[in-house]
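Visitor: Sequence:
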Amino acid sequence: MESFFCLSDDSQRLFIRLYTRKGPWFRMSSILYPEVLDSQLAVKELSAMGYTCCYDDTNNIQDEDMKDLLDLFTISELREIMCSMKKNCTRGGRKQDLIASILSSYEGGECTFLPSSILDRTGTCIKISSKAESLVWRAERLFFLNGEQDLSAFLLVDLGILKYPSYCCIITEQIFSSRSGLLAYEEAIELAQIMDESLDKSERESVLKCMKIAVSQVSSSTEKAIHTTGSDSLNTSSYFSAPWVYSKVIFVGISFLEHERRQLNSPK
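Its first residue numbered 720, the sequence shown is counted upward by one per residue in this note's numbering.
Note that these hints are calculated values from the structure, not bench results. All figures in this text were calculated on a predicted structure; none of them were measured in a lab. Ideal placement from N, C-alpha and C gives every residue a C-beta, glycine not left out. There's no promise every hint is true.
Straight-line C-alpha distance at most 16 Å; calculated EDC-like pairs for lysine to aspartate or glutamate [said to hold, decoys possible]:
| # | residue 1 | residue 2 |
| --- | --- | --- |
| 1 | 763 | 729 |
| 2 | 814 | 796 |
| 3 | 967 | 915 |
| 4 | 846 | 916 |
| 5 | 850 | 721 |
| 6 | 763 | 728 |
| 7 | 786 | 816 |
| 8 | 967 | 877 |
| 9 | 928 | 915 |
| 10 | 928 | 916 |
| 11 | 763 | 782 |
| 12 | 967 | 916 |
| 13 | 741 | 787 |
| 14 | 846 | 787 |
| 15 | 920 | 979 |
| 16 | 846 | 775 |
Here are the computed distance ranges between Cβ atoms for each label pair [what the hints assert, rightly or not]:
| # | residue 1 | residue 2 | range |
| --- | --- | --- | --- |
| 17 | 927 | 882 | 44 to 54 Å |
| 18 | 879 | 856 | 23 to 33 Å |
| 19 | 983 | 886 | 46 to 56 Å |
| 20 | 882 | 740 | 19 to 29 Å |
| 21 | 887 | 983 | 49 to 59 Å |
Modelling step: build the complete structure from the supplied sequences, incorporating the hints.
Guide: Structure below.
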């Protein structure tokens, strides 16, 4: 985070603007904000510091970025590409269907000129780097202590739409006592997210795999942390520990298996 405050005011303002917009890619030609005096220079500085990635050369584009870049196009622009491919470019058709058709032709080797065609129409495009996204995500989690709220909450407060409760920072009673504790918590949260996805899809093997990992992480020392009793601050901090998250992964996994067992044993 220290490097962010070394950026110019223009770069900081532009980064926050882009981060709170729906992306991931943005056309440079559409980046116009009254508080950013020189967008070109700001983008150059952000890219140099690793906060953004630029697409200004067909050699830089990755296949996995194609769909997101095509999503920047209007339906009319997508039809123009379809016509250049000598495909049916008559009126009608949903945007996502047009994108799927173009990508299918590109992957089939029928549209090798697609990267240059995209660049010709969009000009230089930029997106927030994965490194920067991870950095801000971590800062948001440290501040809000959840994965639901983000920087838009501050905008809602400034506009008077949301009244944020007053709070007092107690520096001596930190939720995460060390960096290793935070990283372990993040790792546990990632496993919990995989478990949630597995439960939504009823993927039994994936559920068992998540449970196995969680069980392996729960040792005598972590069990002690889960059942810590004492002051309110200590009880609160235990909810933001890796052992607590792993215990929840195990619990929902057991619930899933128990529900599965009851279904199998229920009379037909």
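Visitor: For each hint, tell me whether it holds in the structure or not.
Guide: Evaluated hints:
1. About 11 Å separates the Cα atoms of residue 763 and residue 729, which keeps this hinted pair within 16 Å; it holds.
2. With a C-alpha separation of about 10 Å, the suggested pair residue 814 and residue 796 falls inside the 16 Å cut-off, and the hint holds.
3. A threshold of 16 Å between alpha carbons decides the hint, and for residue 967 with residue 915 the separation of about 11 Å falls inside it, so the pair holds.
4. With a C-alpha separation of about 27 Å, the suggested pairing of residue 846 with residue 916 is violated against the 16 Å cut-off.
5. For the hint pairing residue 850 with residue 721, the CA-to-CA distance comes to about 14 Å; that is within 16 Å, so the pair holds.
6. Only pairs whose Cα atoms come within 16 Å are accepted, and residue 763 paired with residue 728 is accepted, the gap being roughly 13 Å.
7. The straight-line distance between the Cα atoms of residue 786 and residue 816 is roughly 11 Å, inside the 16 Å bound, and the hint therefore holds.
8. Distance check on the hinted pair: residue 967 and residue 877 sit about 36 Å apart at the alpha-carbon level, beyond 16 Å; violated.
9. Proximity of residue 928 to residue 915 is assessed by CA-CA distance (about 13 Å); at most 16 Å being required, the pair is judged to hold.
10. For the hint linking residue 928 to residue 916, the alpha-carbon distance of about 13 Å falls within 16 Å, and the restraint holds.
11. Distance check on the hinted pair: residue 763 and residue 782 sit about 24 Å apart at the alpha-carbon level, beyond 16 Å; violated.
12. Of the supplied pair hints, the one linking residue 967 and residue 916 holds, its CA atoms being roughly 15 Å apart against a limit of 16 Å.
13. A C-alpha spacing of about 11 Å is found between residue 741 and residue 787, which places the hinted pair at or below 16 Å, so the restraint holds.
14. A hinted pair counts as satisfied when its Cα atoms are at most 16 Å apart, and residue 846 with residue 787 qualifies at roughly 10 Å.
15. For the hint pairing residue 920 with residue 979, the CA-to-CA distance comes to about 13 Å; that is within 16 Å, so the pair holds.
16. For the hint pairing residue 846 with residue 775, the CA-to-CA distance comes to about 12 Å; that is within 16 Å, so the pair holds.
17. The given range of 44 to 54 Å is respected by residue 927 and residue 882, whose C-beta atoms sit roughly 45 Å from each other.
18. Checked against the hint of 23 to 33 Å, the C-beta distance between residue 879 and residue 856 comes to roughly 27 Å, which is consistent with it.
19. Range check, residue 983 to residue 886: about 49 Å between beta-carbon atoms, so the 46 to 56 Å window is met.
20. Taken as a hint, the range 19 to 29 Å holds for the pair residue 882 and residue 740, whose Cβ atoms sit roughly 25 Å apart.
21. The supplied range of 49 to 59 Å is met by residue 887 and residue 983, whose beta-carbon atoms lie about 53 Å from each other.
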